[in-house]
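Student: Spelled out, the chains give:
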Amino acid sequence: MLDGVLQTGVNEWEVPVGYVPGMRVPGKFFLSESLGSTLETGAIEQLANVATLPGIIRHSLAMPDIHWGYGFPIGGVAAFSLDEGVISPGGVGFDINCGVRLITTPLVQKDIAGRRDLIEELFRAVPTGVGGKSTLRISPPDLERMMVKGANWAVDTGYGVRRDLIRCEDGGYMKQADSRTVSEKAKQRGVPQGGTLGSGNHFLEMQVVSEIFDPEAAEVFGLSLGQCCCMIHCGSRGLGHQVCTDHLKLLETATKKYQISIPDRQLACAPILSPEGKDYFGAMAASANYAWANRQLITHTTRQVLAKMFRLEYEDMPLVYDVAHNVAKIEEHTIEGKQQKVCVHRKGATRAFGPGSDELPAELKKIGQPVIIPGSMGTSSFVLRGTRTAMEKTFGSTCHGAGRIMSRTQAKKNLSGKDITAHLLKAGIIVRAHSDNAIADEAPEVYKSSDEVVNVVHEVGISRLVARLSPLGVIKG
Amino acid sequence: MSFEEISHTADVKIRARALTPDALFTDAFLALMQVVYGTDRKDGITKEVRIDSDNIESLLCDFLSEILFIAEVEGLVFSQADITIEGLSLTAVLSGESFDPLRHSSGTEVKGVSYSGLVIEKDANGYILDILFDV
Chain A
1 MLDGVLQTGV NEWEVPVGYV PGMRVPGKFF LSESLGSTLE TGAIEQLANV ATLPGIIRHS
61 LAMPDIHWGY GFPIGGVAAF SLDEGVISPG GVGFDINCGV RLITTPLVQK DIAGRRDLIE
121 ELFRAVPTGV GGKSTLRISP PDLERMMVKG ANWAVDTGYG VRRDLIRCED GGYMKQADSR
181 TVSEKAKQRG VPQGGTLGSG NHFLEMQVVS EIFDPEAAEV FGLSLGQCCC MIHCGSRGLG
241 HQVCTDHLKL LETATKKYQI SIPDRQLACA PILSPEGKDY FGAMAASANY AWANRQLITH
301 TTRQVLAKMF RLEYEDMPLV YDVAHNVAKI EEHTIEGKQQ KVCVHRKGAT RAFGPGSDEL
361 PAELKKIGQP VIIPGSMGTS SFVLRGTRTA MEKTFGSTCH GAGRIMSRTQ AKKNLSGKDI
421 TAHLLKAGII VRAHSDNAIA DEAPEVYKSS DEVVNVVHEV GISRLVARLS PLGVIKG
Chain B
1 MSFEEISHTA DVKIRARALT PDALFTDAFL ALMQVVYGTD RKDGITKEVR IDSDNIESLL
61 CDFLSEILFI AEVEGLVFSQ ADITIEGLSL TAVLSGESFD PLRHSSGTEV KGVSYSGLVI
121 EKDANGYILD ILFDV
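Top to bottom, those sequences are chains A and B.
Residue 313 in our numbering sits at position 313 of the first sequence, with consecutive numbering throughout.
Residue 27 in our numbering sits at position 27 of the second sequence, with consecutive numbering throughout.
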C-alpha cells in the first residue's frame, strides 16, 4: 500500500489528516492488499483533497474501484451537512446520473447464445457511439417533462410500465429538479440524444445468471439460475455534460464569493443552501431525471427487439432495479446517534441502502436495495444487496464497477480490438461496436477484476453478493 | 501539430508544446477533435468563435467546451483552426465538414474539459500544456 496510508481493519485503510494541507476529516477507503498494487497516488491525493471541503462529515470515502479522476476520485463518496457544507460538480462528474439497470427475461442461455442476429438488431435499434442520434421524436416540451419527471415521463408516454418506476432509485426522478437552471445550450444537446447510449464505457449487454450466492434475495429480485438478462449502462448524455460545464463556471465565481479555499479548480463549490448551490442542485437533478428517462427509453427499445425476436410479451421483461452512480442527493443518515439530513455526493459509487430503509418499496424492504455492478467487457457483472453496515460506514454506498487500471494509450498500444473480439467470441461472447479502437479501449485487461472488487465490498459488509451474471453479447458505443 | 496523449488511467490526458499561446490552443483544439472524431477530417465549412474569460486556463477550457457544443449541436467536425489570442480574448476561425457516421464514429465522446491537472506554462522553449478530457 502507498506510504502515509494506515491500515485500520481488514480491507480498510485511512488517509490521516495532514496527508494534504487543510484536511478537516481523515480519508477512508476499502481495498484488498492485492488490489493495493493498482492504487495510484493521484487518487489518494484526490481523496484527501475532498476532505478539505467545508462541512464534510466523518470521512472522505472511497470504494475499492477507486481510481484517479478529476475533482473527487472515481469511487469517491462524501456527505456534507446542509448548514455548513458545500455541493460540488466535481463530486458528481460530467456524466450526471451515469447509471446502470438490469432487466430480466424468461429466456435461457441456449435461446441467446451465439445469436449474432440479436446483437446486430440491438446495435441497429439502440443508437450508439459518437454522433448517435435518437430515432424517437422528442420535442422540446417532451424534454422539459423528461427533466422534471424522469422515467415517470417515459412510462406515462408509453415507454414502459408503472412497475418499472417502483424498481428505480428515487422512483425514477428527483423531485428537486429545476429545469430553469438548465441552460438553453444543455437543452439543445438533450433533444436529439434521448434514447441514445453514448460511447466510452457505456454498453448494453445480454447476460446469463451463472451463479446465485443468496437464494432468498435473488428470488425477491426476480433472478433465477440460467435466466437471461439485459444490462444497460449510460447517463445523461450531452445535456448532463453541458450542465456540469456551465455550473462549474458559475460555481468557480461562487467559490471566490464565499471565500472557500479549494486545492483543485475542479472542486469548485458553493454552500448547499446558497443560491448558486441550489441552482446547481436543481440543474443536476434535472439532468439525473433526463438520464433515468434515457435508460427507460433504451429499455423500451430493447424490450421491443426482444419481444419481436422471441415472441415475448413486453411485461415478461421486468426491471430488477436502476441505480445512479454519479449524483448528489439529500438523504437522511444517522450522524452521532441523531437522524440528520445531509448531502451525499457519489462519484462512481452506488447507493446501497440496507433492509428497513424508508426509501425502498415494500417488496424490497426486508432484503435491502438491489445494487447492480457492471463488470468490464467479457467479465462477470454482479447483483448485490444493500446492508445496514453500509448505512453505518459509507452513508449507504458501495462500489460501482471494476475500476480501470490501464490507460487508454497503453490499451491501444498493447491490445488489438480485432484480437479481443476474436478471443471473446471463442468464449461465447459476441461484441459489436463502431470501431476496433472502442473495443481495445474497454478490453477486460484494462480493468481491475470485478470479482476482486465485489469481494472486498462483500467482506467489508457494505453490500452482500446475490448473483453473478456472465456476458453473452454486448453492444458498445 | 505537436501534441501527444499521455498515459492516464481513466481519461485522456494531452500534452502539447508550442512557441505561442495561439499555436498551443490550436494543438489542444486539434487533439480534442482527434479524440472524438478520429484522424479523417476535412475542411470546407467555416465558422467563427469568440470567447472572453478571466484567465488563460478558463479561456482554454471555455473555448474547448464551446467547440464540443458546436460540433455536437451543429453536426460539424473540424479539421483546422486559425486562432488569435489578445489578452484574455480569443477569436478562432474554424474549418470543417458535416459529421459523417462512416468516417467519424471511431473516436470517443469527450464529456468535459477538466481543470484537474490543467497546466499552461512557459519555459525557455516556449509553451507547454497538460490537459485532461473526461471520456
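Calculated from the structure, these hints are not laboratory results.
Note that this is a predicted model, so its numbers are computed, not measured.
Each hint should be verified, as a subset may be incorrect.
Restricting the straight-line Cα-Cα distance to at most 30 Å, the calculated cross-link-like pairs of lysine-lysine (DSBU-like) are [claimed, not checked]:
{"no.": "1", "chain 1": "A", "residue 1": "249", "chain 2": "B", "residue 2": "122"}
{"no.": "2", "chain 1": "A", "residue 1": "308", "chain 2": "A", "residue 2": "110"}
{"no.": "3", "chain 1": "B", "residue 1": "122", "chain 2": "A", "residue 2": "256"}
{"no.": "4", "chain 1": "B", "residue 1": "42", "chain 2": "A", "residue 2": "418"}
{"no.": "5", "chain 1": "B", "residue 1": "42", "chain 2": "A", "residue 2": "187"}
Student: Going back to the hint list, which numbers does this structure go against?
Tutor: none
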